[in-house]
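Two chains, two frames, a set of hints: combine them into the complex.
The primary structure of each chain is shown beneath.
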Amino acid sequence: MTLKQISLKRNGKQVLHNITGELEGGKIIALLGPNGAGKSTLIQAMAGLLTCTGQIHIDGQNIQEFSAEQLAKNLAYLPQHSQLQFPLTVEEVLSLATLPFKLTRLQQRQQVKALINQWGIESLADKDFRQLSGGEQQRCQIARTYLQLSNMTAENKRGLWLLDEPASSLDLEHQQQLQQVCLRAAKEGHCVVIVLHDLNQALRLADEVWLLEKGELRAQGVATEVMTEALISQVFNVTARRIENSGDSFFIYS
Amino acid sequence: MIKKLLVSPFGWLVGILFSLGICSAALFLGSLEAHSLLNSEIGHHILWNIRLPRVLLAFVIGASLSLAGVMIQSNVRNPLADPSLIGVSGGAALGAALMIVAADLVAIQAQYFIPLAAFIGGILATMAVLKLGRNDMPGGMALLILAGIAINVVAASLIGLLTYLATDSALRHITFWSLGSLASANYFWLTLCSLALLLVCFWLPKQHRKLDAILLGQAEANTMGVDVKRLQIQSIVLVALLAALAVSACGIIGFIGLVTPHIGRMLVGASHRYLLPLSFFLGGSLLVIADGLARTIIAPAELPIGIVTALLGAPVFIWLLIREGRRLQW
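Protein chains in written order, with the working numbering: chain A, 1 to 254; chain B, 1 to 330.
Chain B with its partners taken away, still in its complex shape (with noise of 0.2 Å):
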């Protein structure tokens, strides 16, 4: 039923009415009532320049992480796989941590600079992990991901030295960063993120039967007629390019890539001609509720978004484990 509905214009127009209506929802989330924001000149800065693009944003790296865990999942035929194992999250954080300190450190103002290094220290950790990695071997991708986890694992030592070396504000700053904000949103990175979901959302589409194939394994696919190797690079390049740009918009957000993939095999089944369209749009769903929540909750406060999509999505998926039972051996 789900998957009928996913493959018909019918599914799609429910898929984007579904999403419309979640991030209008959160467009009027807040302690400014709906009436004053429609209705006063600080409402509608607030609406237009504030809210609009940190939901639409929410969306956008949502449905990004959750196509980008499904394509390293799949490629890697390891359900365990997400975004940040081939080391562009740990690469974006320790750039992001380098400017933090740096900039406190010469008493500079630094946000803007912040998400570039962000974005340029994941994209130099993915080539150095797909240098490492050397794919073209047999076994290659096994490799990898030990390559991944390798320079995870530097990042993380660095970033750990870095903060003896931090003051306490910057201290602050590369902790909060690390858990993830939206509440830097505004409409470049809103444009930028987009353009990138629109490349993989054009490309993507044309390889759901060649990732299937994957599934089954290197040397069936090989013989069904997908260029594996190929496949994997093409993938690997865009997953780093969707999550450096998500890690650079908004620091660093767990969980979704890892189960948002998860929660929609468990509706769905792997395949891959459903499992896409489901993946982009309750990946982008569940960031823009659990944004609203992390602005809301402790409101004038607000939580790092991090914080939320755990404490939101963990026990869901504690709950469809045990549900599911043993039938889970993905």
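Excised from the complex, chain A in its bound form (with noise of 0.2 Å):
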């Protein structure tokens, strides 16, 4: 995915101005940024779910030229927050994942068999999604976005993985786990854009970091060569320490 000069003001205010990048397989890009600074926004634009100024290619074809069809085929989103109001239990919300592609119903109920072992949530699947935990919610959600990348794959395609802070209520372990499958998904070739608030975790597993501050980029590149002391300080308002530690790089704070 290209992005050319990508602006959009919303009631007046510029939320994102001139934004150029390119999104490459097998990369993981971590967007990172204070609240406000237009993270999300771009997440969203990037899904084709708004409308901006400039443009946004997907292997050179402009991405509002897609049907819903085609980029469900190419991307797979996961929002902030769950808005589900209905009693839907935790399969039904998994098996919609498979719903671009062509398969039959036994296929998709061995994929989503397959997903709830392979995640480890069979206690969960029965159970009507509103009434799981925040985390558990979050593990689901992005599960079903890793059913919808893993057909892509299937399909011998590199698809696009958005995640909106997708570790913010997950617990320690499964932060590793949300890591390993980011990791799992750029080797098999898709290109995952993280939206992330621990600067140790981007550190750790981004290839590449894009800083955003009030809707610009502030700063783009690999993550050890960006994240610098000074810029963190400056872009998030708190005194930062980079600390070395035999090869691996962490963030203080004070």
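It is worth saying that the hints were derived from the structure and are not from the lab. Glycine is no exception: its CB is placed at the ideal position from the N, C-alpha and C atoms. It is possible that some hints are incorrect.
Think about it this way: if two alpha-carbon atoms lie no more than 20 Å apart in a straight line, the pair counts; the simulated SDA-like pairs of lysine to any residue are [to be verified]:
no.	chain 1	residue 1	chain 2	residue 2
1	B	Lys3	A	Asp128
2	A	Lys127	A	Gln137
3	B	Lys4	A	Gln110
4	A	Lys73	B	Arg209
5	B	Lys3	A	Thr89
6	A	Lys127	B	Leu204
7	B	Lys206	A	Gln108
8	A	Lys102	B	Arg209
9	A	Lys102	B	Met266
10	B	Lys4	A	Gln108
11	B	Lys206	A	Arg105
12	A	Lys102	B	Leu80
13	B	Lys206	A	Glu69
14	B	Lys3	A	Gln110
15	B	Lys229	A	Leu49
16	B	Lys206	A	Ser67
17	B	Lys4	A	Leu49
18	B	Lys3	A	Asp126
19	A	Lys113	B	Arg273
20	B	Lys206	A	Leu49
21	A	Lys127	B	Leu267
22	B	Lys3	A	Leu106
23	A	Lys127	B	Gly269
24	B	Lys229	A	Ile63
25	B	Lys229	A	Gln64
26	B	Lys3	A	Glu91
27	B	Lys3	A	Gln70
28	A	Lys127	B	Lys206
29	B	Lys4	A	Arg109
Residues on chain B that point at chain A, a partial pick, calculated with CB under 10 Å [claimed, not checked]:
no.	residue
30	Gly21
31	Ala25
32	Ala219
33	Glu220
34	Val226
35	Arg273
Written as structure tokens, this is what we have:
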């Protein structure tokens, strides 16, 4: 996917300004920035959900020309919050990931069963999705979008996995599980775009970092090069110290 | 268990037999005994030309309103939505009231024109709501509902105004009509309503997974391959058609479109694969029972069916609400 001078005004306020960049298959890109920087808006624009000025292309074709089905075969999007108000079971929610693909009911069921086993959510399968805890809901939604991505792999397509703050309600164990899945998706050739608040997780996980501030790209590039003490301190309005320890780097704040 | 039954041929057979049973019971419910209905000329006339179209129309309209309720609630992702919310009932009621008062003023028989006026009113109101609602804007669905409420308010106030102009008999007519009655059922309306229901029954099953996706949210549905805007427009047009025809044939029948989908969801959840067939049978059967009661409780007089559906359904709904307790947050 390529983004060329993406801008968006909402209620007279510039929420995205001249964003240009390239998303390559096999890479994990972290979108970082303080609250209101435009991370969610940018990821929604990438998902084709917003009409903005500038151009977004997938494999040379403008995203606005894609049908909903074509789009769903090229990208999977996880929103920040779940809005489900009706009693669907977890299994029913997961099976929706197969919607864009031509699969028999038996294939759908097998895929969902395999996914449930793989993610260790057997005990949740028959539960009403709304009754799950925030973290459980998030895991199920990540699993759902991952299944959509897996079906792209099955069709020999490299897709885009857009994750808007997927780690916000996850405990440590499941944050690590998320990292493993992101790495696996990248290894399969997909491009993972992930909105993160944990800078250390970004340092560990991301191949590339896009740092946003007030709707503009402040910096873009390899995580260890972009995330300097000075820049992080300035953008996030904290005193950040980057510690290097046997090849690993991490931030501490005061 | 119910879920598995609903998607098996055996389940459909059970549903059809159950509905047929209720319809046949309703057919022979009344002051005339089955024996005299079957063995006299007048009995034959009552059975084939009055009761049969009435019972069948009750089933078709009950099923139509119930499916319309499911469609509108799912599309706007609002459990409190019902078909009247897009202005169709208000417009239809206004059309009918206008015709009743006008016909009364010039002293002509207008019984055939009232349903026509109601249908035109309903469709015009829906078109106005669609125009005002601008579904192509972000948050357009909320705007659409607000437009529907506005149109309903305008229609209600105009009907209020008309009641001042109306004579006593016209006033009684408007009141009776606004509470609904299947007394004027005939094969014409039965055919028309059945055709509309058939159209929806042909279209709707192919959309069941798309409607499930919309429940998750508009953004999710869009990125799962659903053309949300198109599906919403198609749904609203079909809901308007079903509701306008229902209102034209028998006045305003509340409650069925709002509550039957909820009862269905309590039994099988919100997945449309199960909810749609269940709502079809449930809505149809419920209205046949309500109509049977409406015409026999105070026979030879008749109760407006809207009163019966409310009296019958509201306590059941309240009981279910209490039983389900806090789990019911939709």
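For each hint, the structure was consulted:
no.	hint	in the structure
1	B:Lys3 - A:Asp128	15 Å, holds
2	A:Lys127 - A:Gln137	11 Å, holds
3	B:Lys4 - A:Gln110	17 Å, holds
4	A:Lys73 - B:Arg209	17 Å, holds
5	B:Lys3 - A:Thr89	12 Å, holds
6	A:Lys127 - B:Leu204	26 Å, violated
7	B:Lys206 - A:Gln108	16 Å, holds
8	A:Lys102 - B:Arg209	13 Å, holds
9	A:Lys102 - B:Met266	31 Å, violated
10	B:Lys4 - A:Gln108	17 Å, holds
11	B:Lys206 - A:Arg105	14 Å, holds
12	A:Lys102 - B:Leu80	34 Å, violated
13	B:Lys206 - A:Glu69	15 Å, holds
14	B:Lys3 - A:Gln110	19 Å, holds
15	B:Lys229 - A:Leu49	12 Å, holds
16	B:Lys206 - A:Ser67	18 Å, holds
17	B:Lys4 - A:Leu49	36 Å, violated
18	B:Lys3 - A:Asp126	13 Å, holds
19	A:Lys113 - B:Arg273	19 Å, holds
20	B:Lys206 - A:Leu49	24 Å, violated
21	A:Lys127 - B:Leu267	14 Å, holds
22	B:Lys3 - A:Leu106	17 Å, holds
23	A:Lys127 - B:Gly269	11 Å, holds
24	B:Lys229 - A:Ile63	17 Å, holds
25	B:Lys229 - A:Gln64	15 Å, holds
26	B:Lys3 - A:Glu91	14 Å, holds
27	B:Lys3 - A:Gln70	32 Å, violated
28	A:Lys127 - B:Lys206	26 Å, violated
29	B:Lys4 - A:Arg109	14 Å, holds
30	Gly21	29 Å, violated
31	Ala25	32 Å, violated
32	Ala219	5 Å, holds
33	Glu220	6 Å, holds
34	Val226	6 Å, holds
35	Arg273	9 Å, holds
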